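> Could you put the whole structure together from the sequences, leaning on the hints where they help?
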Amino acid sequence: MGMTMGEKILARASGKDLVKPGEIITAKVDLCMSNDGTTHLNIDIFENQLKAEKVFDPKKVIFIVDHNVPSESAKTAQVHKKMRIFAQKHDIPFYEGTGVCHQIMIEDFVVPGQLVIAADSHTCSYGGLGAFGTGVGCTDFTSVMHTGEIWLMVPETLKFEIEGSFKAGVYARDLILKIIGDIGANGANYKIMEFGGPAVKKFTVDDRVVLCNMAVEAGAKTGLVEPDQIAIDYVTARGRHDMNLFTSDVDAVYEKTYQYNLDELEPMIAIPHCVDDVVGVTQIGEVKIDQGFIGSCNNGRIEELRAAAQILQGKKIDPYVKLLISPASKAVYLEALAEGLIDIFVESGAMVLNPNCSVCWGSCQGVIGEGETLISTGTRNFKGRAGHPNSSVYLASAATVAASALTGRITDPRGFVV
Amino acid sequence: MIIVITGKVWKFGNDVDTDQIIPSQYLLLPNVEEMKQYTFEPLNENFASTVCPGDIIVGGENFGSGSSREQAPLVLKALGISAVVAKSFARIFFRNAINIGLPVVICKEVYDAVEQNDTLEIDVLKGTIKNVTEDRNFTSTKLPAHVMNILEAGGLIGFLNKK
Chain A
0 MGMTMGEKIL ARASGKDLVK PGEIITAKVD LCMSNDGTTH LNIDIFENQL KAEKVFDPKK
60 VIFIVDHNVP SESAKTAQVH KKMRIFAQKH DIPFYEGTGV CHQIMIEDFV VPGQLVIAAD
120 SHTCSYGGLG AFGTGVGCTD FTSVMHTGEI WLMVPETLKF EIEGSFKAGV YARDLILKII
180 GDIGANGANY KIMEFGGPAV KKFTVDDRVV LCNMAVEAGA KTGLVEPDQI AIDYVTARGR
240 HDMNLFTSDV DAVYEKTYQY NLDELEPMIA IPHCVDDVVG VTQIGEVKID QGFIGSCNNG
300 RIEELRAAAQ ILQGKKIDPY VKLLISPASK AVYLEALAEG LIDIFVESGA MVLNPNCSVC
360 WGSCQGVIGE GETLISTGTR NFKGRAGHPN SSVYLASAAT VAASALTGRI TDPRGFVV
Chain B
0 MIIVITGKVW KFGNDVDTDQ IIPSQYLLLP NVEEMKQYTF EPLNENFAST VCPGDIIVGG
60 ENFGSGSSRE QAPLVLKALG ISAVVAKSFA RIFFRNAINI GLPVVICKEV YDAVEQNDTL
120 EIDVLKGTIK NVTEDRNFTS TKLPAHVMNI LEAGGLIGFL NKK
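Going line by line, the protein sequences match chains A and B.
Taken in order, the first sequence gives residues 0 to 417; the numbers are from numbering that gives the first Met the number 0.
Taken in order, the second sequence gives residues 0 to 162; the numbers are from numbering that gives the first Met the number 0.
There's no promise every hint is true.
What the hints assert, rightly or not - Below, a list of computed lysine-lysine pairs in the BS3-like style, where the Cα atoms sit at most 30 Å apart:
hint, chain 1, residue 1, chain 2, residue 2
1, B, 76, A, 53
2, B, 76, A, 80
3, A, 19, B, 141
4, A, 255, B, 141
5, A, 50, B, 76
What the hints assert, rightly or not - Here are the computed distance ranges between Cβ atoms for each label pair:
hint, chain 1, residue 1, chain 2, residue 2, range
6, A, 252, B, 126, 25 to 31 Å
7, B, 44, A, 252, 43 to 49 Å
8, A, 249, B, 36, 51 to 57 Å
9, A, 19, B, 126, 21 to 27 Å
10, B, 140, A, 25, 20 to 26 Å
11, B, 44, A, 72, 46 to 52 Å
12, B, 162, A, 69, 55 to 61 Å
13, A, 312, B, 48, 51 to 57 Å
14, A, 200, B, 124, 48 to 54 Å
15, A, 69, B, 153, 34 to 40 Å
16, B, 48, A, 252, 33 to 39 Å
17, B, 33, A, 69, 20 to 26 Å
18, B, 48, A, 25, 41 to 47 Å
19, B, 49, A, 19, 45 to 51 Å
To be verified - Partial chain A-side listing against chain B, Cβ under 7 Å, derived:
hint, residue
20, 36
21, 47
22, 48
Since the hints were made in silico from the structure, they are not lab data.
Please read these numbers as outputs of a predicted model, since none were measured by experiment.
Backbone N, C-alpha and C fix where the C-beta goes; we use that ideal spot for every residue, glycine too.
Next up, the structure:
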């Protein structure tokens, strides 16, 4: 009986030839990362509870300030200072304001076949490169940072076979919203979501990351795409050559297989306040918006910015709507500058922000007020997620957000793209 | 570890996400003591001021979905919540609760047979739940031995320090 690629990664990490779903393993971690959402607590646990003196490997522990950057209060500044001092003391890579943590990890650290643990739920993003990333809390993270190991239960795998090709105005973002809407917010709880099929084989790394990033919104432990030449080219172009290319055996056992055809897909919207409450844009009716947001670890990369720019070029956003755009990293920002996308955004009336989690996290500049409605490329639309407890968040693609910012109501982007 | 837990019920629905348990804007406060007053603020702004030590949270499916913030089980524990019982838990919340020694109990049946303010008696080791108010008994899902060992050590730090 064969293994899925996720099982193979966990087998390698635990020094075994074979692992099976349900088995509890102790695995060696290739990389671990923590951001300013929880690191101040991790440091307290490390120093005061574990009474640890050293991290397990300073090259494999990464701290990234991305959630509230630049700091919005003196208390937050103190949290960032605490991270900076710890990073300096332990000589570990430290990033501040350089980008959303997962984008930094993908650009600078992750390679196929790794096991990566991070103190953030969207760590599952790294499946876009064929690496097993999963999110944990402070205590798990701090234990990993100290020992380099973690216990994990080997999960079952769900397979998503994707065929066809996107129609103009439809994107990977719409596909993952559709899938989560179908299987539900706990439809993959504790499981691996493996995305494959002829369509995914042609996807860019950016689009693969879009799928894997939101696996956690269906409860999954991780999302994975088999690494191939596209993934290899991505990491080797950034100077990383040492990797393990794990693919699923033909006789691997899946708990369930789902089929999707992109030819039939339309732009999708997750309506408040659950990520799995998803409808097609044509069923949404009249929804007025107060703000749009393009960015986040799900949808702030260059391809999404290009899609938005195509719609905003030469046009002005609705005068009573705010549009916030935050490139996912400094590298994405520079690419967008070089391509003239930032000019298009600024001229359209959008506010371009520094790379950060921004309003997707709801505790920084750009939060919305009572009764306001946001349409966002962020990861979540939970009640109060983007500001006031009595506000609403709709999730959609960058193109849909851009089209909606022009009209002031949720708008099908297909009328704006060729 | 306390073997039998008795407490008054706070009942919540399905998909209670971690943003409801403790909203993002309070996560970077310096410590849990400062955060705990905002627990469940979006769902019930009086929760933190009226909850009593020993009380039990009862949730439906997918309790604790969303972000990996350990602040969610931490504020519950800091307010004295003695256990969380749910039909199912989101993965990261479940691990985090175990890791800080907050008992999380999986039981499909008890949810529909319990009302706000009922009293529950939970035996975590035996895997039994009694609704004392209604005098009805239920069985909870048994956790893997490794997970129980961490819980019995009071959490992952206690478990690691014992090793």
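> Compare the structure with each hint and give your call.
Each hint, compared with the structure:
1. 76/B - 53/A: 29 Å, holds
2. 76/B - 80/A: Answer holds: residue 76/B to residue 80/A is near 27 Å, not above 30 Å.
3. 19/A - 141/B: 20 Å, holds
4. 255/A - 141/B: It holds: about 25 Å lies between the C-alpha atoms, which stays within 30 Å.
5. 50/A - 76/B: Judged against 30 Å, a Cα distance of about 22 Å means the pair holds.
6. 252/A - 126/B: 25 to 31 Å: Roughly 29 Å apart at Cβ, these two residues keep to the hinted range, so it holds.
7. 44/B - 252/A: 43 to 49 Å: Between residue 44/B and residue 252/A, where Cβ atoms are some 48 Å apart, the hint holds.
8. 249/A - 36/B: 51 to 57 Å: 56 Å, holds
9. 19/A - 126/B: 21 to 27 Å: 25 Å, holds
10. 140/B - 25/A: 20 to 26 Å: 23 Å, holds
11. 44/B - 72/A: 46 to 52 Å: 22 Å, violated
12. 162/B - 69/A: 55 to 61 Å: 41 Å Cβ-Cβ, so the 55 to 61 Å window is violated.
13. 312/A - 48/B: 51 to 57 Å: 53 Å, holds
14. 200/A - 124/B: 48 to 54 Å: Given range 48 to 54 Å: holds, Cβ gap about 50 Å.
15. 69/A - 153/B: 34 to 40 Å: 39 Å, holds
16. 48/B - 252/A: 33 to 39 Å: 51 Å, violated
17. 33/B - 69/A: 20 to 26 Å: 22 Å, holds
18. 48/B - 25/A: 41 to 47 Å: Between residue 48/B and residue 25/A, where Cβ atoms are some 43 Å apart, the hint holds.
19. 49/B - 19/A: 45 to 51 Å: Holds, at about 47 Å.
20. 36: Since chain B brings a Cβ to about 6 Å from residue 36/A, closer than 7 Å, the hint holds.
21. 47: 10 Å, violated
22. 48: 5 Å, holds
Comparing the model with each numbered hint stated earlier shows that hints 11, 12, 16, 21 do not hold.
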